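Novice: Using our numbering, the letters of the sequence shown correspond one by one to residues -2 to 84.
Think of the hints as simulated: they come from the structure by calculation, not from any bench. Among the hints, a few may not be true.
[As the list claims (entries may be wrong)] Subject to a maximum C-alpha distance of 20 Å in a straight line, what follows is the list of computed SDA-like cross-link-like pairs (lysine to any residue):
no., residue 1, residue 2
1, K62, H78
2, K62, N35
3, K62, M31
4, K62, E41
5, K62, I44
6, K62, F29
7, K62, S43
8, K62, L51
9, K62, G36
10, K62, P32
11, K62, T80
12, K62, Q48
13, K62, T46
14, K62, L33
[Said to hold, decoys possible] Ranges of calculated distance between the beta carbons of each label pair, as one might list FRET restraints:
no., residue 1, residue 2, range
15, Q70, G36, 17 to 25 Å
16, K62, E41, 15 to 23 Å
17, G76, E53, 18 to 26 Å
In this text, all values refer to a predicted model and were calculated from it rather than measured experimentally. By construction, the Cβ of each residue, glycine as well, lies at the ideal position given by its N, Cα and C atoms.
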Amino acid sequence: MFSTNALLLSAVAILFVGIPLTFGQSSTDDPFPMPLCNGYVIEEASIDTLQSYLSENLTAVQLTKCLLDRITQLNPYLGYHLTSCIH
């Protein structure tokens, strides 16, 4: 059986597939900088890195909120719209 973190990290990997690599914190002229997620850089982070963040102080809820915020930020510019429902 998969743990909650494993399922969340799988979802994270899927979410990042459609985001062009030109969107990021590495460029000072970036029109879509990704803010830190509770002090952690999650943009282009590997699954191993995200797991280490989750074992430190970042919660799955915080990470999910950061990713949903990113989707909201980029939706108007990517030509497709992802939606979510939080219960």
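Novice: Now tell me, hint by hint, if it's right for this structure.
Specialist: Hint check:
1. K62 to H78: Answer holds: K62 to H78 is near 17 Å, not above 20 Å.
2. K62 to N35: Holds. K62 to N35 sits at ~10 Å (cutoff 20 Å).
3. K62 to M31: holds (13 Å)
4. K62 to E41: holds (17 Å)
5. K62 to I44: holds (17 Å)
6. K62 to F29: Cα-Cα ~17 Å, so holds.
7. K62 to S43: At roughly 18 Å apart (the allowed maximum being 20 Å), S43 and K62 satisfy the hint.
8. K62 to L51: Measuring from Cα to Cα gives roughly 14 Å; hence the hint holds.
9. K62 to G36: holds (14 Å)
10. K62 to P32: holds (12 Å)
11. K62 to T80: This hinted pair holds, its Cα atoms lying about 13 Å apart.
12. K62 to Q48: OK: K62 and Q48 at ~16 Å, within 20 Å.
13. K62 to T46: holds (18 Å)
14. K62 to L33: holds (12 Å)
15. Q70 to G36: 17 to 25 Å: holds (19 Å)
16. K62 to E41: 15 to 23 Å: Holds, since K62 and E41 (Cβ atoms, about 19 Å apart) stay within the stated range.
17. G76 to E53: 18 to 26 Å: Violated: the Cβ-Cβ distance is about 36 Å, outside 18 to 26 Å.
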